[in-house]
Each structure stands twice: as structure tokens, then as C-alpha cells.
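Residue numbers (my numbering), protein chains in the order written: chain A, 1 to 76; chain B, 1 to 161.
The hints are simulated quantities; they were obtained by calculation from the structure and are not laboratory data.
There may be inaccurate statements among the hints.
[Said to hold, decoys possible] Pair ranges (Cβ atoms, derived):
1. A90/B - R39/A: 15 to 21 Å
2. V29/A - A106/B: 29 to 35 Å
3. Q68/A - E160/B: 45 to 51 Å
[As the list claims (entries may be wrong)] Taking lysine-lysine and the DSS-like style, the derived pairs with C-alpha atoms no more than 30 Å apart in a straight line are:
4. K94/B - K61/A
5. K94/B - K60/A
6. K60/A - K102/B
7. K64/A - K102/B
8. K94/B - K64/A
Just so we're clear, the structure is a prediction, and the values are computed from it rather than from any experiment.
We put the beta carbon where it would ideally sit given N, CA and C, even for glycine.
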Amino acid sequence: MIQTTTVTPDDPADRLAGVVALRRLADRVEDAEVERALREGWTWSMVADALGVTRQAVHKKHAKRLAQAGTSGRGE
Amino acid sequence: MFERLEPDTRRAVIRAAYDEAQGLGSSTLEAEHLLLAVAADPGTAAGRLLVESGLDHDGLVAALDLETERSLAAVGVALSDFGLAGRPVATRRKAGFATSAKQSLARSVGLASGRGERTLSPVHLLVGILRGEIGTVPRALAAAGVDRVELIGRAELLLER
């Protein structure tokens, strides 16, 4: 049976592409959850601690985008 | 590598590819963003070929979405489990130039210099992108039902004109 467009999870190409897609998904989930936390009153420092990174790192990664979205967070 | 690009092509396509990456919320500029940039300009022969093949910009975005959905399914994950609204949010972060994009450019430059051509056209770029046999681009083309090898053949014919 030839199904060139159907996922065959036994194929390493599909599973490795799944890893790539998971990394992109993790970025998207991080964007959404950081925004949600700030909207709920979390400070950048709290978000940074929760993600296990420095406040500077999380601020650098998200501040511009969230400022555009109207979410600046406390502790600026 | 970039200096081998014709200045107009370099400015237009690379800048457009950065915009594509940022618009899709990607932290990296990948081969698929170069392809989106080529597809977004039907004023070029390469862009027209993509549109004629059913891969206009929006068609390509849809194919990439389908590729993501299938790849996540292969590792047992469904996008719908995450409650993410709609499309990825655009980022303001400048994307880093990823390996898949570097390799696409390297193949394009190799193609042009192998033919003794001093400048790199969008068609060279398209062929260089399409010649990647493994990764997101070939998977998205397959998801869209596009025959990648046949498309490369049609793109290579454009080089003869």
C-alpha cells in the first residue's frame, strides 16, 4: 500500500519532524503562557524564576512583543 | 555567502524571509521562510512557478500547518490539546539564520557558480531550497500533494531561458 501523504509513525523522518514541531510548539506555548502570567499580575522576575532563566533573558525574549500586545507586566 | 547574491535579490528576498519568520512567530529563519518569500513575489519567474503549482503564499502556509499537524501526530501530540488561539503570534525578535536556510543558500550558490553565472536569481534560490531532500520543506510539499522532483525540473527549465 502506497500512501505518500499519510503519516507513518514508524518512519524516523516523521518522528524527527515531530521533534522539530514540538520545539516550535514549546516556543508558542511559552509565548502564550508568559503573556497570561503577566496579565494575571506576575512580575518579570517571577516569570523568570518559574522558567528557570534570568529576568533579563525573559524580558529580552518577550518584552517587545508583549508591549505591542498591550501587556507590559509589573516590575519594569 | 550572501555577497554572492545579486544585491536586489539579496535585499528583497532575505528581508522578506525575515519578515515571514517574524510574522509566523519563528525565532529562526528556516528554509521554509525563504520559500515563502519566493512565493510571495509573483513578479519573479520563480514566484510565478510556485503560484502555478498551487503554492501561492497562503497555500504554502496551509501546507506548512498541515506538515506541523502531521509531525506532531507522529510523536503523539495534537495541537488542539494546547488551547492556542489561531495562528502563532508575530514576534519582533529578529530571527537567527538557521542551518536549513544556510544549506538552501549554499546549494543555490553552488548551482549558480557551477553554471558559471555570476549572480543569484530567485530561480537559483528556489532550486536550492527545493533540492533539500529531508526536512520541513519537502514534507510540506508532500502534504500539499506537490511532486518536489517534478517541480525542481520545471524550475531548472527556467534557468535555460
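Can you confirm whether the C-alpha distance between K94/B and K64/A stays at or below 30 Å? 11 Å, holds
Would the pair K64/A and K102/B pass a check requiring their Cα atoms to be no farther apart than 30 Å? Distance of about 27 Å is within 30 Å: holds.
If I claimed the Cβ atoms of A90/B and R39/A lie 15 to 21 Å apart, would that claim hold in this structure? Holds, since A90/B and R39/A (Cβ atoms, about 18 Å apart) stay within the stated range.
Hint check: K94/B vs K60/A, CA-CA at most 30 Å. Holds or violated? The given pair, whose Cα atoms are some 12 Å apart, holds under the 30 Å limit.
Given the hinted pair K60/A and K102/B, is their alpha-carbon gap at most 30 Å? Between K60/A and K102/B the Cα gap is close to 25 Å, so the pair holds against 30 Å.
Range hint compliance [Cβ, V29/A to A106/B, 29 to 35 Å]: Cβ of V29/A to Cβ of A106/B: about 33 Å, so the range 29 to 35 Å holds.
Straight-line Cα separation of K94/B and K61/A no greater than 30 Å? 10 Å, holds
45 to 51 Å was suggested as the range; check whether the CB atoms of Q68/A and E160/B agree with it. Since Q68/A and E160/B have Cβ atoms about 46 Å apart, the given range 45 to 51 Å holds.
The structure shown violates none of the earlier numbered hints.
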